[in-house]
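Peer 1: For reference, the chains in residue letters:
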Amino acid sequence: MAIAFAGLAQAEDKTILIGMQCDRTGPTQVVGTMLCPGTHDYIDLINSQGGVDGWKIDASEVDTAYQVPPAVEEYEHAKQQGAVGIMIYGTPQTEALNQRLEQDKMPGTSPGFGIAASGDGQYYPYLFPIAANYWSQGAAAVKFAKDQLGGSLKGKKIAYIFYDNPAGHEPMPVIEELSKVEGFQLQTFAVPPPGVDVSSQVLAIAQEYRPDFVIDHTFGKSPALIIKGLKQNGYPLTHVVALVWASGEADIMGAGGWSVAQGYNTMQFAGAGEDYPVIKEIQAMYKKEGKEPPAAMKSTVYYNRGVQQGALWVAAIKNALTLTHGQKPTPTDVKKGFEMIHDFTLGGLNAPLTITADDHEGGGWVKIFRVKDEGFVPETQWFRAYRDLIVDREHKTAQQMAKAN
Amino acid sequence: MLALNNIEVVYDNAILVLRGVSLAAKAGQITALLGANGAGKTTTLKAISGLLHSERGEVTKGSVEFAGERLDRLPPHQVVERGIVQVFEGRRVFANLTVAENLTAGAHTRRDRGTVKDSIDRIFEMFPALAERHNQAAGYLSGGEQQMLVIGRALMSNPKMVLLDEPSLGLAPQLIEEIFAVIRRLKEERHLTVLLVEQNATLALTIADHGYVMENGRIVLEGPAAALQQNSDIKEFYLGLNEAGARKSYREVKHYRRRKRWLG
Amino acid sequence: MFHSETGVFKTSYAADMALLPLPVARWAVLGIALFFLFVVPLVFSAYLLTLVNLVLIAVVGAIGLDILTGYTGQISIGHGGFMSVGAYTAANLIVRLGVPFWLAIPAGGLMAALIGIIVGIPSLRIKGIYLAIATLASQFIIAWTINHVTWISGGIEASIQVPPPSVFGWKLQTPEQLYFFLLFFAVLAIVATLNLMRSRIGRAFIAIRDQDIAAEIIGINIFRYKLYAFAISSFYAGVTGVLYTYYLGIANYEQFGIDVSINYLAMIIIGGLGSVLGAVFGAAFITILPEATRLFLTHFGGVLFSQDTIRTLVPNLTLILFGGLIIFFLIVEPEGLNRLWRNIRNYFRLWPFSY
Amino acid sequence: MLDLPWRFIAILLANGLLVGSMYALVALGFVLIYKATDAINFAQGEFVMFAGFLAAGATHLAGFPWWISALLAVLGMVVFAFGLERVVLRPLLGRPIIAVIMATLGLGFVLRGVATLAFGGGTQTIPLPVGDEPVLLGPLILPPIQLVGAGVSLAFLCGFGWFFLKSRIGVAMRAVADSQQVAMAMGINVRRYFALAWALAGVVSALGGVLWGAMLGVDNQLALVGLKVFPVMILGGLDSILGAVVGGLIVGVVESLSAGFLDPLVGGGTKDFIPYLLMIAVLMVRPEGIFGRRRIERV
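Residue numbers (my numbering), protein chains in the order written: chain E, 1 to 405; chain F, 1 to 264; chain C, 1 to 355; chain X, 1 to 299.
Okay, chain E solo, but in the shape it has when bound (with noise of 0.2 angstroms):
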């Protein structure tokens, strides 16, 4: 049965498929609902306006459940069924796919999440992260302190709260270098999973440590925790800034909502809000066919995340078929036009991306939102930090994976 199903897929003239893993269930769950629908939107509106240069995209999901088995054998299906690339959730799902995605010369995304070294394209040929990886988000937090507090950190205090796994352990090298290299004080606190109560760690970095700023590191329940935690110990928000997993509208409305969090600083690779041409686009066509938006896109941070990566797609398509002049492009050819995709901006969603075969990250750029009234104004332009301590920690950590290997 299945193989009739896979053949029926194929048939469909000028369509371009991609793999998309989702975590509409699982424990990430709270992030799949909201960034799926926003990849598959901007996917219809392109389609809408008669698709890229006559071609169709198709981007097939599958729920993983955040589960590593489910991903690989989703990514072999999608390959079997002719796939130019595969959107990936999650980092060991990342971890799994990488040697994968390697051997079949299949390019694939992990924006925001996976493996930091693979920044180095010359290392990870086929992985592209396409936003800022946990280290330039670590760095760019710790830049953030460094001028929300006058432009030094010497001798001051700062608290980095992280879930204790490894994607919540993956900045602390970094920040732990930075610390040195700038001169204040570090102490972390871990927040173990399922992280449903991390009240004795505010109470800790509040009443005890005092630090001067706090990065915060967690997902799921604690990042909205932390944030009611932190303001009922009279902490002041506009003293946190959290990674790009910890700033959601959800985590807002876990707090207690928008009046509870004034003054937080979140950190986006992707813009927040919906004041942006393509979200007026989709909601234009939205409109045309008299159907309301989806409620996901009122959780602007994931939903325009997934914006953002269906945005990527269509664009390294766009090119790679200029390379093929028109002709279905292979996996190889998508490769190559996600390394032309130069100061992409996406009117302002996105950072001025530019990804080249030796920057998969795209630069490493982000923006701080900080909550006021209710919603997120930005803080600060497009900005990364430290970038020359990033790019060499890839590559260094990239020449040590290969040699292991």
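No lab work stands behind these hints, which were simulated from the structure alone. Don't be surprised by glycine CBs; every beta carbon is placed ideally from N, CA and C.
With the C-beta cut set under 10 angstroms, the calculated list includes, among others, these residues of chain C facing chain X:
1. Pro122
2. Lys127
3. Ala134
4. Leu136
5. Phe322
Computed list of lysine-lysine pairs in BS3-like fashion (alpha-carbon distance at most 30 angstroms, straight line):
6. E:Lys318 to E:Lys288
7. E:Lys56 to E:Lys280
8. E:Lys56 to E:Lys336
9. E:Lys287 to E:Lys14
10. E:Lys56 to E:Lys288
11. E:Lys336 to E:Lys105
12. E:Lys298 to E:Lys280
13. C:Lys171 to E:Lys105
14. E:Lys180 to E:Lys156
15. X:Lys166 to F:Lys117
16. E:Lys318 to E:Lys287
17. C:Lys171 to E:Lys403
18. X:Lys166 to F:Lys160
19. E:Lys157 to E:Lys396
20. E:Lys146 to E:Lys180
21. F:Lys26 to F:Lys160
22. C:Lys171 to E:Lys336
23. C:Lys171 to E:Lys396
With chain E held as given, fit chains F, C and X onto it using these hints.
Peer 2: Relative to the frame of chain E, chains F, C and X by itself:
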């Protein structure tokens, strides 16, 4: 008052345990049901109290009637509401509940909740040993005290009739006498109807008015207690008395024949 | 396993105890062997083979859990933990010492067995729900340890990338190449367990499950056999972990969470507790269920729902089906898929004289 | 000894006690069912989540004020628990423990799927009329929602404690837990009490859902609260209400102190892991938990 009319009990839709048992217990009397292990005495009690249902047993033929009403289709709590309460063998107290709580649980079906406290006091009068330990977990009572407690607990439901299953089992002779004295008193003072299951036939027949003997799921002998006490078979098999001292071979033959008749 | 007893007369106990007592069974096994050796690899697509491969890995783990839970009656909600023990043991040996697969796999199993014995020690004193939660605790403790001891986990990412296994100099990378590798271990697990359960140890396990105090009275050292069961079962789990590691290319403890432990319990319940064949059925069923739901809904759901609804519906319906089937089998068919299979088989048992 | 950070310790202790009493509330749902019916509800976390969704849904979809929403959640959970007992648990009576464990685990999956389909995948709030300004008590800083949560939890725990110890129905429930057969012979309708136990667990879950939901926001992650409860129950003893309270408080305090003092030493989160270690240690010494009753098994 209580009448079993030719009942048949099947467990698990397969095992026939009672094969047509008929007996009657007259109001205000003690009726003894005697028989060896596995004769079906306890099953008979369960058929009356409705507890068969919880053990996947069923009354497949005949009827159980109490004061003119059929009982054999009722769930156990409704049987209790109609005034029949069963006391298990083996002194099954609620081990983790205190003595007083055990008694309260016994009064569960009573509507007149205000008077439960008085009833508890009356039980304590009847069994002073329990009064001393009213706040202790029942699991820590001695065997005799536990037997008193289960009888007291049964009385808490203000029953018209009590089904007593082997109250003497595993108790010291002196305690047994005490318990039996209480049973007799209950009959005399409260006019309680009692169906007493016993292996200890001597004792049972001393306080019973009427007696039945069961074997292999049927009644094989019945009569007034006094008559049964004189029955030579009863004497031999249950009272442990020999007719004569000498054991001769023909007596063994006769024994076998009589035994066979019972098993028939 | 396969029965058509008509015309077969056993003349010795040995014949009665034989693994495949009937001639027809031998033919059936031969047929199945031919199917898996030739038809599957030649006809199935790479994607279908990926599914089959995941089933084969799951078969090893499910049989292992069945030895403990189905045969010995000791519940474990911590098998995910044992799998990660196997995975990291093997990954470290492979990456640091370059150990070949035929050493890495038993090594992973043995380490898991060792940890399993430690977890099993409380089973002497505690049982039922308490034991279930103690095994759950072991899962948390194992995960915590791997996450925080970088000597085990190979760094803060707690992921170790592993090169593919090489057999006689062949690197096994594609689903087709890995298929025979995994098939070998799945068959080994099936045959070994069928034999184990016919042995003295297997009979002791079943005695403990059915009535542990009685088993002790007839002279079975319960504690020792419970530990055997834990050791053997976690050995299988460890091997499963290593197979996953080879298959996925990484060892990562996050993929062996509680959900995995529950998945494996679901496999043996839906398949039928205390039956090797049931564990195989269950492993296949649970592995294929999400895929089947998805394919069905994406291809036929369009009549009723919009694409967007289907995307939300598929994963959640899979959850509901998964949970619902567990409940359904527990209530309606406690002996699981295995029973359904036996019903079919019994029909043929006395064939052609089935009256 | 004297240079210990006493103020910090006091803060952590107070925090641990507050959180612990809310753990105890969730554990109570579990204990109620185990005590009365011998069944283990591994879906307790999902019960809490589902109740949270009911309350949040009533607030956001139907626009009810918070107290009507909370009431609806209680009612909804009671009805749900009744139905569940009848459809799922009753057929499993007398089956091995693994059957009930797996059935409730399966139920957890069903509830997660149903909740997402019915209420969406986003995070919803339960706006209880509780302020955000912390209550200052000497050196202690007490978040009002936690105070309310702990207060309600303790009130209910005391209420249930009284109910179980003193009321006629409570005595009957304990009698059923002690011996179903004897309870039956005493005229206690055992099935009705099973249903009652599940319904009470539904009430407790609804309270837990509203309180925890107000604290954490309502989404599927709310079910994770259930995971915190296992060490609580085992420590206290599965069948003891007092045990649930004491277990909850112990786990709360141990977590709080270990996060405050142990974490910096080992560089990782020990909060979740220490209660489980403690639990295993207690199991080895007292397999029935601190307040649990020892079971006598018959061959």
